[in-house]
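Q: Going down the list, the sequences are from chains A and B. Counting in UniProt numbering, the first sequence runs from 1 upward without gaps. Counting in UniProt numbering, the second sequence runs from 1 upward without gaps.
Keep in mind that the hints are not guaranteed to be accurate.
You can't tell identical chains apart in this list, so a pair holds if it fits in one copy or across any two.
Stated by the list, open to error - In silico SDA-like links for lysine to any residue, alpha-carbon gap of 20 Å or less:
| id | residue 1 | residue 2 |
| --- | --- | --- |
| 1 | 357 | 57 |
| 2 | 204 | 544 |
| 3 | 544 | 255 |
| 4 | 544 | 207 |
| 5 | 204 | 541 |
For the record, the hints were derived by calculation from the structure and aren't laboratory data.
So the chains spell out like this:
Number of protein chains: 2
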Amino acid sequence: MLKFVSLLLALSFCQGLQHNNIDDYVAAEPVFEASKYGSLWPLPQKVQISEVSFKLTSSSFRIVDAKASSAGPSCSLLQSAYRRYYEYMFGSAKKQWWSKNNRRSDPSDLSELQVWITSPDSECDGYPSVTSDESYELTVNQPVAVLKAPKVWGALHGLETFSQLVFEDEYGAKSVNAAIINDFPRFQHRGILLDSSRHFLPIKVILANLETMAMNKFNVFHWHIVDDQSFPYLSRTFPQLSEQGAYHPYTHVYTPADVKMVIEFARLRGIRVIPEFDTPGHTQSWGKGQKDLLTPCYSGSKPSGSFGPVNPILNTTYDFMAQFFTEISTVFPDGYVHLGGDEVDFTCWKSNPDIQKFMEQQHFGDDYRKLESFYIQKLLDIVTSTKKGYLIWQEVFDNGVKLKPDTVVHVWIGGGSDKEMSNVTAAGYTTILSAPWYLDYISYGQDWQKYYKVEPLNFEGTDEQKKLVIGGEACLWGEYVDATNLTPRLWPRASAVAERLWSAKDVTDIGDAFNRLSLHRCRMVERGIPAEPLFSSYCPREYKGV
Amino acid sequence: MLKFVSLLLALSFCQGLQHNNIDDYVAAEPVFEASKYGSLWPLPQKVQISEVSFKLTSSSFRIVDAKASSAGPSCSLLQSAYRRYYEYMFGSAKKQWWSKNNRRSDPSDLSELQVWITSPDSECDGYPSVTSDESYELTVNQPVAVLKAPKVWGALHGLETFSQLVFEDEYGAKSVNAAIINDFPRFQHRGILLDSSRHFLPIKVILANLETMAMNKFNVFHWHIVDDQSFPYLSRTFPQLSEQGAYHPYTHVYTPADVKMVIEFARLRGIRVIPEFDTPGHTQSWGKGQKDLLTPCYSGSKPSGSFGPVNPILNTTYDFMAQFFTEISTVFPDGYVHLGGDEVDFTCWKSNPDIQKFMEQQHFGDDYRKLESFYIQKLLDIVTSTKKGYLIWQEVFDNGVKLKPDTVVHVWIGGGSDKEMSNVTAAGYTTILSAPWYLDYISYGQDWQKYYKVEPLNFEGTDEQKKLVIGGEACLWGEYVDATNLTPRLWPRASAVAERLWSAKDVTDIGDAFNRLSLHRCRMVERGIPAEPLFSSYCPREYKGV
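So that you can see chain A by itself, here it is in the shape it has in the complex:
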């Protein structure tokens, strides 16, 4: 059985030394061999694969709605997914033009994949959320395979899994083994953070990465859309923010149409889009288009000409935020928005005499964290009034700001993150983990293994506390990545995080992971994604770009 793996890819064995790498020679490099799970990634919760296999012909094989399905031809989310996965499995339809008039079906072939949405509400036209049911059951058997899922979200994952089961036999014929798969994610929140402020990311790059996220069953795109360096979000209410704050007001902005397209492209793949508008720090670019929003810094008794964090003592600040986040609440359909709140530098606030006076009035003493909390508290109230939940970086929690019970605390500071997870969950807040998954930090060798070995629940706490960990995010901050290198730097390193967040806790065999991930990476390459190699190896069809 499973000889198919060796047909899909052979990796070179690590014989001899690594050329000229004596200093860093790692004796324990994994050696490729076929996993009994083939190329499945992330590994489903329950997998049985039989030795029996069936052929699929591109001319006759169809993905169809099951008769009893609550989603029919009008569910364009599924219809477009069928087309997408057909093309992943058989290539573009043009290649098969010669067999169009020659549709034949051998009785031993697998002729159909029936997709059966079992819940009365398929959620086809809705948006995914943190409580979405993503489970599915896949039964591959002759003459038809059946994919059952309560909601479309599970069906999307099941389609990906089915496509991962299909392989080419010795003659290039598409085949699939009989299989029964029962699957659901371990964590509900499985995200990727991309940063479009340090470098502008063309829409094409964002879409390609959403596509790849779906191949890895990620379900949250955390869009760190603006920051100090640039403000590419074109606001209808405050167009001067990007007019002045973007790298370029036309070529380096996301228009409302762009944002809508990203959100819909993501929805069709079961991915939530959570935008981050980080305040009161990280706002230099905001100040360019919005007068009086930032705090004027002082040098002695005079303004220095530079600006600090958002000015928390002016009513105009809160008027602006109210209007701005009202717009955000309508533009982004997700139930949550990320409000940042990290790394606030107090130097500028301290230098400003008006702020000093305000601190006295409020009896804050010298504790500028109280001023920060004052600001954040008002901001949270504003955002709450727009009917959104929020995520915040861990400092907001650390500083004792009063948070709504459904707040998600985002743990990012490396060193002590276990303790932080304990504290946050002990206080009863839900949390997501990013600290060990800062993928912008690169190093020589197979660092995916380091990401893979993380166990998010490996902190001191009760079972109740552990349940408050709803997932995590791989973060790719933008200082050193743009359209030229983002995609190969993210994949397949982020795939390691994908499996950790989806698969069962005991899926920790690094050798088996290497074997499956090697094949999964070649599949991404074959689908047009420049996912970088794990180690010396080849893919049957190498990347066609440069």
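Fit chain B to the supplied structure of chain A, relying on the hints for placement.
A: Coordinates of chain B only, in the frame set by chain A:
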């Protein structure tokens, strides 16, 4: 003057903190401002740029042979270079179709660049070599600019420099400042090593990187074409080597036509192609197609089934090498071939009873370095008989093998490379340096600065010794790179090495380098090369791929 730089690119200032990077926060990140040398890279030896500027129109501007030039219309190397640089400067000619019938020339425009090859032999149809004259003089003035060079090689570099002087003014009009540039390389050997064995590199990737090398005035492509992992070189004499030893005998090989194309593509850009066939170690893939070439390893008294380095005690080995390197000497026109000779593991030789017997007969005692030298000595004699010079990795020198006076010793071992440079040059051998320039080793942040700060002559030795250092190579070993990520990983990090090897010794201002390199990287991006960013910034025209 030089306001043009700010039009070509603005980099974001490093205000505020690096988001979420507190641990690794580097306070001394350079801040972008315009260099007085604009975007020139590598910096020419002597540059004078005037404040006077001229416009160039795509409809009327021409690059032409000077009347007195020894290279005329029949010199296709130059003719194709004119087209290439015209396109770099003005974009594809199609864009200007509307102005075809509207060719006008304002008297204040720069109407021509005249290219004048001053030596009677232009070397147009020859190959570049280690002694090629690469110097040129460029005078930009109204109404014509003149590029004088003794040979075509200097003219190619001068064309690149001219194209780097051209910028877009506020209205998008192409302009160039009056300038006088006198230029030549500090070192004759400026190379890039690519490894097509750990991962097969499609021809498209190799050509794109040759193109980029020319933009950086590199002149040697060190093609580490085969190694343990695979043998993609299709040999006419021994086709079974790639038939058995390549990752795939059809899709992952370089045919004679491919190799010819690479060599000609490189020649047209003034780049030498030096192939490396590394023996006696690093030859696992050779053994698959060539019976008895490798040493059978023993486990106790019986062959273990695995193989070690090339078998040095059989006559058939030397017959094979003689035939093989005779072919190589005709396929690759360069005067040099790289013979490797690094990292020979003696374990297998030691295990083999026939080798043990041979060691006794030769009175080598237990010193297997003597056996290695025995092999290498015979190999060098074979290669010498094919009229080629050779490069070898430093171990061959270290082991005391007798070398021809024109041998180039390649220093690669990090730690002690200064001492090695002293020793090699004290022994009278020419040398090239790679030890500090292993670009496969990646790390977070601006590691280009580390490569830039290397001074190759910073070792103890006489002036005579220093003269023996003919250059260096940036090495990108292939364990972790393939078509998906090679190009952005190499550029612009290798550009740092390019300037160190081309420009004057005192060109060491890291801030000025940052400013010029930021612009140079955006120019590479605009020319279709996915060169990665140095730091938070943007390019007016971002990379169009994914």
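Q: Find the hints from earlier in the document that the structure breaks and name them by number, from lowest to highest.
A: Hint 1 contradicted; others consistent.
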